[in-house]
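Please model the entire structure based on the sequences and the hints provided.
Under the working numbering, think of the first position of the sequence shown as 831, with each following residue one higher.
Careful, some of the hints might be misleading.
Subject to a maximum C-alpha distance of 25 angstroms in a straight line, what follows is the list of computed SDA-like cross-link-like pairs (lysine to any residue) [as the list claims (entries may be wrong)]:
no.	residue 1	residue 2
1	Lys1449	Arg1764
2	Lys1808	Trp1146
3	Lys894	Arg1764
Simulated restraints, written as ranges between beta carbons of each label pair [what the hints assert, rightly or not]:
no.	residue 1	residue 2	range
4	Ala1634	Asn1572	25 to 35 angstroms
5	Phe1589	Val1494	46 to 56 angstroms
6	Ser1190	Met1878	52 to 62 angstroms
7	Asp1877	Val970	24 to 34 angstroms
8	Leu1607	Asp1877	21 to 31 angstroms
9	Leu1540	Leu1210	44 to 54 angstroms
10	Ala1571	Met1404	55 to 65 angstroms
11	Val1532	Ser1218	23 to 33 angstroms
12	Ser1563	Val1494	25 to 35 angstroms
13	Leu1210	Phe1420	31 to 41 angstroms
14	Ala1443	Thr1639	46 to 56 angstroms
15	Phe1589	Gly1636	15 to 25 angstroms
16	Phe1420	Val1359	29 to 39 angstroms
17	Ile1656	Val1532	12 to 22 angstroms
Since the hints were made in silico from the structure, they are not lab data. Using N, Cα and C, we set each Cβ at its ideal position, and we do this for glycine too.
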Amino acid sequence: MKKRRGTPSYNSIVTGVFAVLLCASSAQAENNTNSNAAALGPLAKLAAANVLVKPVPAKTVTGKVVDSKGEALIGVSIAEQGTTKGVVTDADGNYSISVEGNNSILVFTYIGYETQSQTVGARTVINVTLQNKSSNLEEVVVTALGIKRESKKLGYAATTANVEEIQQNRTTNVMSSLEGKVAGLNISPPAAGPGSSTRIRLRGQAAFNGATNSPLIVVNGLPMDQGEQSVGPNNTTDRGDALQQINQDDIESFTVLKGSTAAALYGSRAANGAIIITTKSGAKNTKFGVEFTSNFAADQVLDYNRYQMIYGNGVWDATKLSGRKPASQGESVTYGAQTWGAKYDGSPVTYFDGSTGTYSPNPNRITEYYRTGTSFNNALALSGGNASTSFRLSYSNQDAKGISPVNDYHKKIANLGLNSKITEKLTLTFNLNYTNEVNNNPPQVGFQGAGAPNFLYRMSPAIPLRLFRDSAVNPATLSEAQTSGFQTTLLNPYYSNPRQFLVRKADRFLSTTTARYDFFKFLYLQGRVAFDYNSALNEGNTPHGVGASNLLQNGTGPAYSGSYNVNTNWQRNMNYDFLLGTNNQRFGDFSAELTLGGNIRDDRGSGVRASTANGLIVKDLYSIENGVQKNVNYDFNRQQVNSLYGVADFGYKSFLYLTITDRVDWFSVLTPPSFIISNPKNSVNYPSVSGSFVFSELLPNVKWLNYGKLRASYARTGSAGGINNFSSQLGYSLNANPFTANGYSYTLGNFNANYPNPFVTPFDVIEKEIGLEVKTLNSRLNFDVAVYHKSSQNQILNTPLSAASGFTTRPVNIGNLRNKGIEVLIDGTPIKTANFTWNTSMNAAYNESLVLKLADGQTTQVVNAFNANGNEFLGKLSYVVGMAMNQLQSPTYLRNAAGQILVTKDGALLATKYDVNFGQADPKWTGGWNNTFRYKRLSLLVHIDYKFGGKMFSSTALNGLRQGLTQASLVGREGGVKFPGIIYDPTGGPGGTPGPTNGTNNADRAVGVVPSTFYADYRTLQIADPFVFKSDFVKLRNITVSYDFSDMLKNVKYIKGISVSAFVRNVAILHKDVPDIDPEAMASTGDSRLGYEQSTIPTTRTFGLNLNVKF
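Okay, structure coming up:
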């Protein structure tokens, strides 16, 4: 049976006076029950005057208090109206109270629920079901710095996620379970296996590449960066992020602060909003309890591949103007990889290893190679509490096997929460979270030659996979790891998998200790010390014989190929903060609440990276000492930010509220003012103002309107992302390998090519927001709309310098961009009966970005050239002034003035000498539709989410065309490719005049171009048109069925509750544009690789079971 934390229990009633006053205070705070307070007021005066009331023969009433789901409510206040008597419910929701007689009235009050009165009559047992309040008037939200505020007072958008749904729809990374459930929250999980990171963006991308764009993560008051370590130029595996180190079962509340105003108290870390997570610490006045949770999930590989299965591998036959199959083992070695042969006919064929088989396709390569992934997660929690102290101790263990045959992932999390009221004035809270992760052989994705995906999506299906398994056992038949004479970039995974290791081990400690002292009812002082320490070891090798450059070396080269690398790093973040504040004070119709505080954040870290180069001395011995060349690098960082801040909350009656905040951050990495350099400043001011107008309070006679609020806010926040120790000061690094000359060895130092700038400062984000919240028809139909405008100014860009300076770039505050959009949430309860309820919620968000300014004289800045750094694809990701962020660029077909595509006199493609924009990589629209159906204890949840308006480059489409695999490659199989373009010969005839074929339609030519030659030109010329697709999708994301057996266990002594749920995740794609892949199958969550798909593992459909037992 699920328990809820209650209001403070009034266990020590010294006199009747205190009991009356406490009950009256509770009733007033719970539901503004002025009538009850008025009724109790005269009795309080009588008690204060020591007026004794003659006792009346009493009777005892017992019962149980539950919520609308039948779950026990702990700490509900029960008072006998007109007397000093009062009790609270125990851990099981039970109570017992002695009343005056049959005419007595019991008043039940509880925060967040409607107050209920019951006349005793002849009854001795009164069971009560309390209903949730029908408005936001009393809803409490955890905001910045952990300050709890009533929702009606907030002048900005804040969403509290449904923790129960997060726990039921379990994922390795907690954020993945929120896809499409919060308006404006854009979540993009990569196709990179268990333990991978998740891209999180709120209201678009606030910064250019180089600065963090993830929202700030705050766990129990400890701010920490998301720390995405996704696939990038120097990393072919995803190394996860901070949120995967949180156990879903430990979460008590999860709040998304969307805008800058909501997170303004975090200053230079507030540019992207914040996610506030509070973990459980038990409940007071509860018996010792044990909770066991077990989860099993199976990941089924989804193969969206629809390659052509008509033509097999082989070579073009110029006499027949069509393909033919390999005629010998030699031709299979030479031409076997690409699928440019004859039609499949089932006839005998000789494979590359000399064996024979039938000339027929294998359409199930993806599901044959990958396995069903599994995940087991078990958690045990102990909790309890008395009148002054509560605790919760939990331990969870996850063991997962990815769909990649050699990938396994292990995670252990221990969490402790303590809350103790030491004295009437002093309260201590302690939270500790420890995470240990081990990820063995995460899949290599996103690059040419990186692991199995590149092999499976490019190798001809005419070759059985068993041949590669056999050749891996006897690698001599395949020249070590090469796939015979095929392209050397097609690495045989059956060879590399058992020989290659990639290991990531990580440990993280999160600790928060908070002490609060209440000097008076209106004044308190809070101090907090928070500690975040994480360390990681990454180790890997490249086996002998893997890759074109790692074949057996001869001559003067090293004896054996192969490499080894290892790096270790640690990062420690200390946070010290204090708050001196007043509780809400009323002055007639006015109220005020003031808070002052300060923070010291001290970040330190270091790392050691070591690797070998040019081969190994001893074959298959993986150590740094065994390297022919040894590269060792050490780096460290340290920075500190000191802050002061304040909050002033004002209210008028119960409908008008104003909040003003201000924060000043001082940065150690910025240049302080001095006599030499007077212009710089090392401090930045971050103010905000917000207000709310609860207009429903002025319309009490509008019966259909339960709650209505207008809100507006303005804030200036910022980000110091991209600024480090050497942004304003010159630094250097030492070369680990000495330079030898004239018989001497010299240690060389290297300067960073980016020249430091003492005037650089964090960039600013100015955001304005207005919103409307409405609840109608007893909260059966509700709306929440927000409109925002976010301007990011003076962003740090590395501007070019003359090569004569000895440097290439210099950081300058110069870039500007803008995001604006709208967020809409509609939720309601279309059907509500005694036994059946249908709750539905729809959200949509539209974001429009615009690049306003880059460096002086610069209109385009290339973020990433996809045809470089080991990539197989073409095109670029760029910022373009006057256009949306993250433009996909590449050359296009050369056209004439009439827009017709031009080809050469030989029928080959022609490309522009410049790039064109194909669209933005980010989606413009995101959203979802959530439905929950409940019948008694049975519930069904169905969730759909979508994204629209973005574009993507697909290297699967490009390479599939080049290799003869896709449906598009069927054009030209018989007679050659006769591309429908206009022939253009710039050299022409004698004297350079236009040739005789100019202006004719290439489709009319007698003989077409050899298909393999024609389609290869797309990459050579970088023409992207056929490989640009909409990244739109609509997905049936989740279906969850759950049942609570608690009612059946009322007579079971030691079991308080059992619930079971089953779920399916990634049920179906209802709409998509890109062929052969899932549009979410991106390799990286990094901002530098948006809109780029290549060599990812398949996405999966997950089937799962959850069991929760409470003792």
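Consistency of the hints with the structure:
A threshold of 25 angstroms between alpha carbons decides the hint, and for Lys1449 with Arg1764 the separation of about 64 angstroms lies outside it, so the pair is violated. Straight-line distance between C-alpha atoms of Lys1808 and Trp1146 comes to about 16 angstroms, which keeps the hinted pair within the 25 angstroms bound. Using a Cα cut-off of 25 angstroms, the hinted pair Lys894 and Arg1764 holds, with the two alpha carbons roughly 23 angstroms apart. Range check, Ala1634 to Asn1572: about 29 angstroms between beta-carbon atoms, so the 25 to 35 angstroms window is met.
Between Phe1589 and Val1494 the C-beta distance comes to about 19 angstroms, which lies outside the given range of 46 to 56 angstroms. The hinted window of 52 to 62 angstroms between Ser1190 and Met1878 holds, with their beta carbons roughly 57 angstroms apart. Remark: the range hint 24 to 34 angstroms for Asp1877 to Val970 is upheld by a beta-carbon distance near 29 angstroms. Checked against the hint of 21 to 31 angstroms, the C-beta distance between Leu1607 and Asp1877 comes to roughly 30 angstroms, which is consistent with it.
In this structure the hint that Leu1540 and Leu1210 lie 44 to 54 angstroms apart at CB holds, the actual value being about 47 angstroms. A hinted range of 55 to 65 angstroms for the beta carbons of Ala1571 and Met1404 is inconsistent with their spacing of about 46 angstroms. In this structure, Val1532 and Ser1218 break the distance hint of 23 to 33 angstroms, their C-beta atoms being roughly 45 angstroms apart. Taken as a hint, the range 25 to 35 angstroms holds for the pair Ser1563 and Val1494, whose Cβ atoms sit roughly 34 angstroms apart.
At roughly 50 angstroms, the beta-carbon separation of Leu1210 and Phe1420 lies outside the given 31 to 41 angstroms, and the hint is violated. Taken as a hint, the range 46 to 56 angstroms is violated for the pair Ala1443 and Thr1639, whose Cβ atoms sit roughly 27 angstroms apart. For Phe1589 paired with Gly1636, a C-beta distance near 20 angstroms keeps the hint of 15 to 25 angstroms intact. Distance hint for Phe1420 and Val1359: a CB-CB separation of about 36 angstroms, consistent with the stated range 29 to 39 angstroms.
Our hint of 12 to 22 angstroms for Ile1656 and Val1532 holds, since their Cβ atoms are close to 20 angstroms apart.
Of the hints listed earlier, those the structure fails to meet are numbers 1, 5, 10, 11, 13 and 14, in rising order.
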